[in-house]
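2 protein chains.
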Amino acid sequence: MSFEVIKKHKTFGGETVFASHQSKATKTEMKFSYFLPKQKVDSAIIWLSGLTCTEENFITKAGAQFHLKDSNTMIICPDTSPRGLDLPNEHESYDFGSGAGFYLNATTEDYKENYNMYDYIVNDLVSLLKDSFNVNKISISGHSMGGHGALVIGLRNPEVFSKISAFSPIVNPSQCAWGQKAFTGYLGDNKEDWKNYDACELIQSGKLHPAKILIDQGLNDEFYPNQLLSENLEKVCKDKDQELELRYQDGFDHSYYFISSFIKDHIEFHLD
Amino acid sequence: MSFEVIKKHKTFGGETVFASHQSKATKTEMKFSYFLPKQKVDSAIIWLSGLTCTEENFITKAGAQFHLKDSNTMIICPDTSPRGLDLPNEHESYDFGSGAGFYLNATTEDYKENYNMYDYIVNDLVSLLKDSFNVNKISISGHSMGGHGALVIGLRNPEVFSKISAFSPIVNPSQCAWGQKAFTGYLGDNKEDWKNYDACELIQSGKLHPAKILIDQGLNDEFYPNQLLSENLEKVCKDKDQELELRYQDGFDHSYYFISSFIKDHIEFHLD
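Chains as they are written, first to last, in the numbering used here: chain P, 8 to 279; chain C, 8 to 279.
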């Protein structure tokens with residue numbers, strides 16, 4: 008699986024690169040960014056961004072390159088949905104359709120052909136990392152909708168993703184407005200189908216990850232607790248013996264200023 | 008001189024803040040951002056951004072907060088021009104008018120009332136730092152057009168600005184297309200008037216700074232050498248005994264990925 012470099016910026020000794028490739032899962036061109044340190048890499052962190060983001064937000068704002076520059080680990084940041092389509096209701100709202108793929112495989116008539124971000128990450132992006140970058144260890148992290156994606160994808164594929172971390176994740180989408188809107192639109196009304204894409208439900212059903220999960224949640228986050236429901240994850244992890252370090256961070260909001268403040272800890276967690 | 012906080016984001020132990028105040032120099036509201044570490048500050052770095060930027064670019068993309076978080080130094084980032092006006096030709100091009108104030112005091116009829124970014128920095132912003140933040144040491148840095156601003160303002164006011172550094176500065180605006188267009192529009196055709204705002208001309212006329220000047224210039228910069236003319240500064244500094252460390256950085260371009268790669272060095276230079 009090849010890819011095309013769009014632009015490339017030397018960053019520290021390495022490179023910040025914007026690229027695209029054809030996705031089998033979404034049947035569209037998908038864009039992504041990555042940072043490659045100057046050393047040969049043997050591992051990768053996949054970063055999943057939140058609502059409205061593209062492949063650009065994290066790599067521009069998080070300050071991650073500084074903490075990866077002396078490591079053997081790259082970070083890769085895919086876009087948050089297919090692009091270039093014009094499906095019914097796809098571009099009407101910030102929390103559904105374009106920029107809001109929710110890292111699932113859609114089953115509703117309008118979306119099932121293209122909105123397969125779960126398969127895109129698990130198959131296309133993982134293949135790219137293995138085939139084009141010779142990476143032999145992959146872990147996953149993300150923010151908000153991307154934190155949900157990291158948890159769901161990591162819990163369902165612990166043999167592929169060695170570690171999971173998240174910032175301000177939507178941990179129980181079946182129980183919040185963002186998740187209910189997205190799941191109804193992509194998966195339909197049968198709530199049994201939603202459980203495959205809900206971190207709390209997955210852990211409740213016994214899908215555990217062998218490594219500790221690291222989460223940071225700001226206490227001044229404008230979406231906490233209503234959309235994020237962090238305490239629900241705490242409870243189910245305790246009930247099911249999933250190791251979890253959930254750090255409530257006083258005064259921090261939902262922004263990239265929060266992410267930049269703790270990205271060093273997350274990178275060290277993934278490198279460990 | 009008071010100011011109004013627009014929004015505030017906890018960042019590391021400190022705060023990234025967006026604010027505005029009324030400027031005597033521009034007779035408009037001026038926006039700025041700043042990062043205040045958690046410790047009491049006694050010094051400040053003024054960061055001047057380049058063409059098309061606002062108060063947001065640097066504070067979002069440069070990763071400076073990480074390197075200032077344990078210091079007693081804040082960084083403040085003003086907008087690059089007055090806003091909210093509708094002067095002739097003000098919004099027609101990216102390199103003149105809004106987003107392109109060039110850190111000078113305009114004398115042409117249309118612009119002289121408001122486009123006084125030189126006075127805005129030297130008077131209004133310095134007063135704000137002294138009065139509202141009790142800062143007793145101020146230094147100055149910037150990128151591209153902002154690197155030009157840092158050099159000109161620092162060279163003309165060495166008693167106010169203890170250090171000058173710059174990334175990819177326009178060092179000799181009288182001799183490049185960007186500078187000629189801006190100076191003609193803001194200052195008119197008399198090239199003698201241009202010399203007050205041209206770092207090479209200032210040094211040539213004996214305006215030296217007692218401290219070493221630090222500059223980083225990427226060798227893959229799309230505007231080097233044509234618009235930036237770095238070698239002209241090297242030559243005049245040598246001729247006039249102005250201490251200069253001009254580092255040509257192989258492979259780096261004009262972007263914030265370049266700035267983020269060397270901002271640590273610049274901050275350490277200013278803190279020293």
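Derived from the structure by calculation, the hints contain no laboratory data. It is possible that some hints are incorrect.
One copy or two, either will do: identical chains are not told apart, so a pair holds if it fits within one copy or between any two.
Within a straight-line C-alpha distance of at most 30 Å, the following computed DSBU-like cross-link-like pairs (lysine-lysine) qualify [as the list claims (entries may be wrong)]:
no., residue 1, residue 2
1, K15, K271
2, K47, K68
3, K47, K242
4, K31, K242
5, K31, K14
6, K14, K245
7, K202, K14
Hints and how they fare:
{"no.": "1", "hint": "K15 to K271", "verdict": "both (23 Å within a copy, 22 Å between copies)"}
{"no.": "2", "hint": "K47 to K68", "verdict": "both (24 Å within a copy, 26 Å between copies)"}
{"no.": "3", "hint": "K47 to K242", "verdict": "neither (41 Å within a copy, 40 Å between copies)"}
{"no.": "4", "hint": "K31 to K242", "verdict": "neither (37 Å within a copy, 57 Å between copies)"}
{"no.": "5", "hint": "K31 to K14", "verdict": "within (23 Å within a copy, 42 Å between copies)"}
{"no.": "6", "hint": "K14 to K245", "verdict": "neither (45 Å within a copy, 37 Å between copies)"}
{"no.": "7", "hint": "K202 to K14", "verdict": "neither (39 Å within a copy, 38 Å between copies)"}
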